[in-house]
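For this one, chain Y is given, so just place chain V on it according to the hints.
Chains Y and V, in that order, give the protein sequences. Under our numbering, the letters of the first sequence match residues 1 to 855, in that order. Under our numbering, the letters of the second sequence match residues 856 to 1226, in that order.
Just so you know, these hints were derived from the structure itself, not from any lab. Ideal placement from N, C-alpha and C gives every residue a C-beta, glycine not left out. Please note that a few of the clues may not be correct.
Said to hold, decoys possible - The calculated SDA-like cross-link candidates involving lysine to any residue, where the alpha carbons are at most 20 Å apart (straight line), are:
1. Lys1097/V <-> Arg122/Y
2. Lys422/Y <-> Arg451/Y
3. Lys1054/V <-> Arg122/Y
4. Lys232/Y <-> Leu46/Y
5. Lys1060/V <-> Gly212/Y
6. Lys1184/V <-> Ile937/V
7. Lys1060/V <-> Asp180/Y
8. Lys1097/V <-> Gly212/Y
9. Lys232/Y <-> Gly1153/V
10. Lys377/Y <-> Ala410/Y
11. Lys949/V <-> Glu244/Y
12. Lys571/Y <-> Ser520/Y
13. Lys1097/V <-> Thr109/Y
14. Lys1097/V <-> Ile127/Y
15. Lys1060/V <-> Ile127/Y
16. Lys1060/V <-> Arg122/Y
17. Lys1060/V <-> Glu117/Y
18. Lys1211/V <-> Gln1197/V
19. Lys228/Y <-> Gly1153/V
20. Lys1097/V <-> Asp107/Y
21. Lys1097/V <-> Ser105/Y
22. Lys228/Y <-> Asn259/Y
23. Lys1184/V <-> Asp1061/V
24. Lys1060/V <-> Asn119/Y
25. Lys111/Y <-> Lys1211/V
26. Lys111/Y <-> Gln1065/V
27. Lys1097/V <-> Gly108/Y
28. Lys111/Y <-> Asp1061/V
29. Lys50/Y <-> Glu244/Y
30. Lys571/Y <-> Gln529/Y
As the list claims (entries may be wrong) - Chain V stretches covered by chain Y per the calculated footprint, using a threshold of three residues with CB under 8 Å from any CB of chain Y:
31. 1158-1171
32. 1182-1195
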Amino acid sequence: MPVRSLRQLLSLQSTLVAVFPFLLAGILGILWLRPQIDREIESRQLQFGKAIASQVESYLLTPLVNVEGMASLVVDDSFDWHDLQHMLDAHIAASVSLRAIYIASPDGTIKAVGLREDNEVRREDLIGLDFSGNHLFQRALRERRPVWSDTFLSVVGGGMSVAIAVPSADRVVIGEVDLDLVTEFLQRIAIDPEQLTLVIDERGQVIADQQGTHTAQQLNISNIPLVKRGLKTRIPVSEHFDFEGVSMVGSLTPIPSQNWHVLAALPEETAYRTIWTSFRIVTAGLMTAVLFGVAIALYLTRRLAIPCETLAAHARGIAAFKEAADWPTGKISEFNQLAADLQQMSDALRERERQISTLMSNLPGMAYRCRSDSQRKLMFVSEGSLELLGYSDQELTNDLCPGLNSIIDAEDLATVKERVDKALAQRKPYQATYRVRDAKRRTRWVLDHGRGVWDKEGHLLHIEGLVTDVTARRLAEEALKKALADAEEAKDKVELVLRSVADGLVFTDMRGRIVLMSASAEALLEVTQQEAWGLTLDNVVENMSVPGHIPEIQENGHGASLLELTFVNKKDGRKMEIQVSSNLVKNRDGEAAGVITLLRNISRERELDRMKSEFISTAAHELRTPLTVILGFAEILLEEKILADHQREYLSIIVDKSEVLQRLIDDLLDLGRVDSGRLVHIEKERCEVCELIRQAVAEARLTCNSHRFEMVLPEASVELYADRLRIAQVMENLLGNAVKFSPSGSLIEILCSIGDNWVQVAVADQGVGLTAAQKERIFEKFYRADSSSTSKQGLGLGMTIVKNIIDAHGGKIRVDSEPGRGTRIIFQLPVPGDAGDIPGNSHDSGNSIHLKEGS
Amino acid sequence: MIRRTSATFMLLFLIVFCLAACDKKEPVQVGFIGGLSGRVADLGVGGRNGVMLAIEQRNAIGGIKGRGIELIVRDDEQRADIAREKIAELIDQKVAAIIGPMTSSMAMAMVPLVNAAKIVMVSPTVTTSELSNIDDYFFRVIADTTGYAGKNARYQFETLGQRRAVVIYDLGNRSYTESWLKDFRVEFEGLGGELVDVKTFISGKDLSFQERVAALLEARPDFVLILANAIDAAQICQQVRKLNPRMPIVMSEWASTERFIELAGRAAEEVYVSQFINRNDSSARYQEFYRAFIERFGQAPGFAGLAGYDAALAVLDGLARQTSGESLKESLLSMGEVLGVQQTIHFGRFGDADRKTFVTVIRNGSYVTLE
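Looking at chain Y on its own, in the form it has when it is part of the complex (with noise of 0.2 Å):
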C-alpha cells in the first residue's frame, strides 16, 4: 500500500467521493444510454427520411400526370400535329421540371418536340431521330405502362435528366425531367445542409442527389448495407452507415409510383447535436457541481492539513537542528494537545540528546556517522574531529569532503573497505585500525570501531563508529617489535658463538639447571642441549663431581680454581682428562644470573705432558752419570799440587759449572718425579731449621757478594722432622730467586718464625716484585716471570720444586708480593709432636733472635 501524505489522501478520497457518482453515471450513460440514443435517433431519421420520400414522389408525380395528359391527347389521329406542337410546347413552359417533351411514332420515330427553349433549329434536329433503340421506349411499347428511365443522359442530348415514357395507343409519350431541377428541389426540402438526399433506382444507381454532383457521376451505391437491406426489403429501414469517409445515419424509403427509393440521411455529427448540446449541458452543469464539490473538498483538506504540516515542518526542524521554539497550536484543540505532547517529547529528547552530545564531546576520538556509500560520505561527526584530524565537523560534513575513506591513506584503503563490507554484510560490527592525512598532511594511526544501521524492512540506513587516535601506541608497538627483533638477533648470534666456541660450555641457571649447551660440551657429555634441558649437571655426568663446586660459586659469588677431572666414556671406555672451570654471570645489575662452566678436554696435554716428563727423567739420568764422573775427576784433580794456577783456575771454573749442571740436573729429575705423579722423595730426619738457614745463608753468601742476607732467628732451637738436603735444596732457591730478582747491594732478610704446630720462614727481597697475575702462575712449571732476553738464567722449574717439597712436607706455601715493592716468599712446615714444648709462634712470643750478619 502506498504511503501519501495527509493532504493527497484526503484530496485524493474526497475529490473521489465528489467524482465517483459522475463517473459511475457517465459510465452507465455509455453503456446503456447509448444504444437508446442510437435507436431514437434512427427512428426519427426512419420519420424523417418518409416525409422526404413522400415530397420527392409527389414532386416527380407532377411531370408524370403533364406526360400522362399529353397521351391521353394523343391516343389517336384525330389532333393536328402543328397544333400538337404548340401543346407540347404550352406543357413544357406550365411544367416546373420538364424540360422537354417529345412523341415517337410505334417505330420510335420522333415526330414531335416540345423544348423549354423556342430552338427552332434543335427542334428540328430533333424531329426525324430514331427512337426506337431506346430501352424506355421499348419498356414503355411492351409493358404498356408509364415507366421511368434507369438512364440519366439526355436521349436527345440534352445533358443530364431523367425521362417517362408513357404509351398511348400505338405511339409513346417521352417527358425529359430535368435533374439539376430536381436538385433544386431537394435542396428546398433539405432540412439540413448537411443533409444527404439521393434518389436511387431499384439497382442502386444515383437518379438525383441534393448536391448534384452525385447525380453527374452517376454513382451505385448498392454497396452500402443500408441500401442493401433497403432495396431487398422494400420496407423503410433505417441505420448508421459511412457514405465517402463521413459517418453517418439515415434511411432508405421507397417510392412505389416510380420504383424508385429516397435515401435521406445526415451526418452523426448533425443528427446527435441536439442530443450531444443537451448532454454538454447537462455535464457542464454536473461538472460545475463537482468542481464546486472538489474545491470544498479541497478546502476542509487544506484546514486538515496545515496544522498537521505545521507541526511536521516543526519536527523535521528539530530534526535538522534548526527548529528551537515552542511546537506551534493553531485552533483545532486536538492538535493542540498532539503539539501539547510532542513538545513534551522533544524536550525529553533534547535533554537525551544534550547528555548524549556531552558524552560524545568527552569521547577521546571522533564519532560519526556516516552513509554507506563508496566513500563513506559524513553525515556527522562529533567534535573531537578537530582534535583528531584538524578538521572541524563542518568541514567533514559538507559536500566538499567526500567522505571518510577519502581520509584514508591510499594503502590502507582497500584493506579498510573489505573489512567494513565483510562486516556490514555480517551485520556485524567492524574495528579497523588505519592511517589517516589530518589537516596537516600528517599521517595519524587511527582505531575505527563501527557497525551499520538497519531499518525494520532491513535496508542499511547508515554506518556508526568512533575513530580513536592510536598513534603514541601504535609507535610504541612498532619500537617494542624493532627491540624484540634486535635482541632476538643478537640472542641467536650469541648462542651461535657459544655453540661454536672449542671448549665444552654449559650454562646454567641459578638453580642449577642446565639451559645452554655448547656443540662441544654436547659432544664431551655425549648428550644434546634438548636431552640436557632442565637437567642439572649431576644428572647428566654420573661420575663428575661437577656439580659440587657450581653451588659453591653461586653461593660465594667468585668463580672456583681450576678443576681437573678423569671422566670415563661410556661408549668406549677411554678416560679423559677434563678441566672444569666454573665462573658466575652476573646481569646488569650485578645479580647473579647464572653459572657458566667450560668443560676442556686436556687428556692429549696430559699425555705430552708424561711423555716430556719422562723423556726429560731419562735424559737427566743419563746426563747425571758422566757429570759425575766429570765432576768426581775435576775435584781429584783439584786436589793435585802439581798443577799451575792457571790450570787450577780452569779446574775450578769446570768444577763450578759442573756443579750447576749437576743442580740443573737435580731439578730436572725432581721435576720428573713431581710430574709423573710421584712425590718428591723424601728422607726426614730430624733437623735443626735455624742451622739449616745458617748453612744456606753462609753458602749464599759464599757465592753472591753482590747482596746482604740478614736473618732473624728464633733463639731456641727448633727441630724439625723433614729431609735436609730438600729443605736446604728450597732454601737455596728461595735466596737464588732472591738474588736474582734484586738490585746488587740490596738487602735479602731471611725470618725465621715458630708458632704452636709449625715453623714459618720467609724469604723478602727488595726486587721488582710480582703483578697478580705473575703471582698467580708462580708455581708453575717453566713459568718466568721475566722472561725478556735480559731474564736472568734458569728454566724456571725452581718454584714449581719448592712447592712440592713444602707439599711433601706437609706444608704451605705462599707469595706475598707486589710490583716495587719486593717480595716475601712464607713457607710453613709442621712441627712434630714432640716439639710441643718449643714456646709459641714467633710473632706472640718475640722470642725469635734478629740476627743481623754481615755479607
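Relative to chain Y, chain V alone:
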C-alpha cells in the same frame, strides 16, 4: 507498488497495441480521376466502376499486404483547369497511385503535375501518341492511336474499298481526336485515300449537328468518319442517316459504348467501330468479370469499365509486388506486364502498352467483331 507498475505496463502495452492495430488498418489510398459528369460521363463512370470493382474485389481477399485499399474519386469535368485542381488534391492526399484520366486532353493537363510529384498515373483509355515514348510517371494499359487508327484506315481502304472520307471530330478532346485523325490520315492518304472535308465541334449541351452533317455530305464522300463521344456520335449518326440512310459511317473507339447503340437506335446499324474490347469474348475470365460488373452496377462494363478494371489491376499488382525501397514506377516497369481481363498487357520501356484493337460493325443492335 508492483501492482501499480504492472498496471502501468499493461496500460502502456494496450496503448502500443492499439497504435499498432490502428497502424495496421491504415488503408492504401488510390486516386481515380476522370470525367464523371457531362457528355463524356459514360466513359468516366465506366472507368470508375471498373476501378471500384477491382478494388472491392481486392479488398474482399485481404487488400495489399494486409492493408485495405481506399479509392478517392475526383471528377475532372473534362476541363483542364478543374483537372489540375483535382489532381493537386490527390497529390496532397499522398495517394499511392492515380488511375485516370479517361481522355487524352485531360492527360496532357495532368501529366506534368504527376511527374513533378513523382506519383504514378495509370490511364485506362488515354491513347494520344503525344505521351508515347517518354520516360515519365505516366503509364497506360492501352496502345496509342498510331497502331489502330492506321489499322482502321487500312480496313476502310483495302477491305471496303473506300476512297473519299469526310471527318467530323470533337475539339473538346482534341488531344485524342487530332492524334487519331493524324494517324488515320497518314495511313489513309498513304494508301491513296482522300479526306475531302473535315468539320469540328465542341461537345456541349443542346448542340445541333444537322447543318454540319449536311455540309459534309455535300462533299459526296464514300464514308463519314466520326471522332466523338457516344452521345455526340449517336446524334451525328442520326443526322447522317436522316439525310442519307445508306451512307457508311466509321467511328473511333471513343464512341463504342453500349450507350451509343441505345441512343442511335437504327442509325447505329452498319456503323464501323474500332474497339478495345472484344465483346464476343467467351473466355471464363472475361465472362466472370462481365457477370461481376453487371451484378455490381446493373449494366455492362463496356470498354471503359474493362480498361478501368485492367488499369486498377496494374496498380494493385504493382503495389503488391513493390518491395521496400522500391518505387511503384520501378515495380511496374520491372513487372513488365499485367494479366488483363482479355489479354496480357505489356508495358514498354516507358510504360506504354500494346493493347490490341478490334474492328467491329453494329448489326441488329450489337457489336460484331470483324477483325
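Here's how the hints hold up against the structure:
1. Lys1097/V <-> Arg122/Y: Cα-Cα ~14 Å, so holds.
2. Lys422/Y <-> Arg451/Y: Holds, at roughly 11 Å.
3. Lys1054/V <-> Arg122/Y: holds (19 Å)
4. Lys232/Y <-> Leu46/Y: holds (17 Å)
5. Lys1060/V <-> Gly212/Y: Given that 20 Å is the threshold and the Cα spacing comes to 17 Å, the pair holds.
6. Lys1184/V <-> Ile937/V: violated (26 Å)
7. Lys1060/V <-> Asp180/Y: holds (13 Å)
8. Lys1097/V <-> Gly212/Y: The hint is violated at about 35 Å.
9. Lys232/Y <-> Gly1153/V: holds (15 Å)
10. Lys377/Y <-> Ala410/Y: At roughly 17 Å apart (the allowed maximum being 20 Å), Ala410/Y and Lys377/Y satisfy the hint.
11. Lys949/V <-> Glu244/Y: With a Cα-Cα distance of about 17 Å, the restraint between Lys949/V and Glu244/Y holds, given a limit of 20 Å.
12. Lys571/Y <-> Ser520/Y: holds (17 Å)
13. Lys1097/V <-> Thr109/Y: holds (11 Å)
14. Lys1097/V <-> Ile127/Y: The hint holds at about 10 Å.
15. Lys1060/V <-> Ile127/Y: holds (17 Å)
16. Lys1060/V <-> Arg122/Y: Distance of about 11 Å is within 20 Å: holds.
17. Lys1060/V <-> Glu117/Y: Roughly 13 Å separates the two Cα atoms, so the pair holds.
18. Lys1211/V <-> Gln1197/V: holds (10 Å)
19. Lys228/Y <-> Gly1153/V: Distance of about 14 Å is within 20 Å: holds.
20. Lys1097/V <-> Asp107/Y: Roughly 15 Å separates the two Cα atoms, so the pair holds.
21. Lys1097/V <-> Ser105/Y: Holds: Lys1097/V and Ser105/Y sit about 16 Å apart, inside 20 Å.
22. Lys228/Y <-> Asn259/Y: holds (15 Å)
23. Lys1184/V <-> Asp1061/V: violated (43 Å)
24. Lys1060/V <-> Asn119/Y: holds (13 Å)
25. Lys111/Y <-> Lys1211/V: violated (42 Å)
26. Lys111/Y <-> Gln1065/V: holds (17 Å)
27. Lys1097/V <-> Gly108/Y: holds (14 Å)
28. Lys111/Y <-> Asp1061/V: Within the cut-off at roughly 18 Å; holds.
29. Lys50/Y <-> Glu244/Y: violated (23 Å)
30. Lys571/Y <-> Gln529/Y: At roughly 19 Å apart (the allowed maximum being 20 Å), Gln529/Y and Lys571/Y satisfy the hint.
31. 1158-1171: violated (count 0)
32. 1182-1195: Our answer is that it is violated, as 0 residues pass the Cβ test (under 8 Å) against chain Y, missing three.
Hint compliance for this structure: hints 6, 8, 23, 25, 29, 31 and 32 are not met, and every other hint is.
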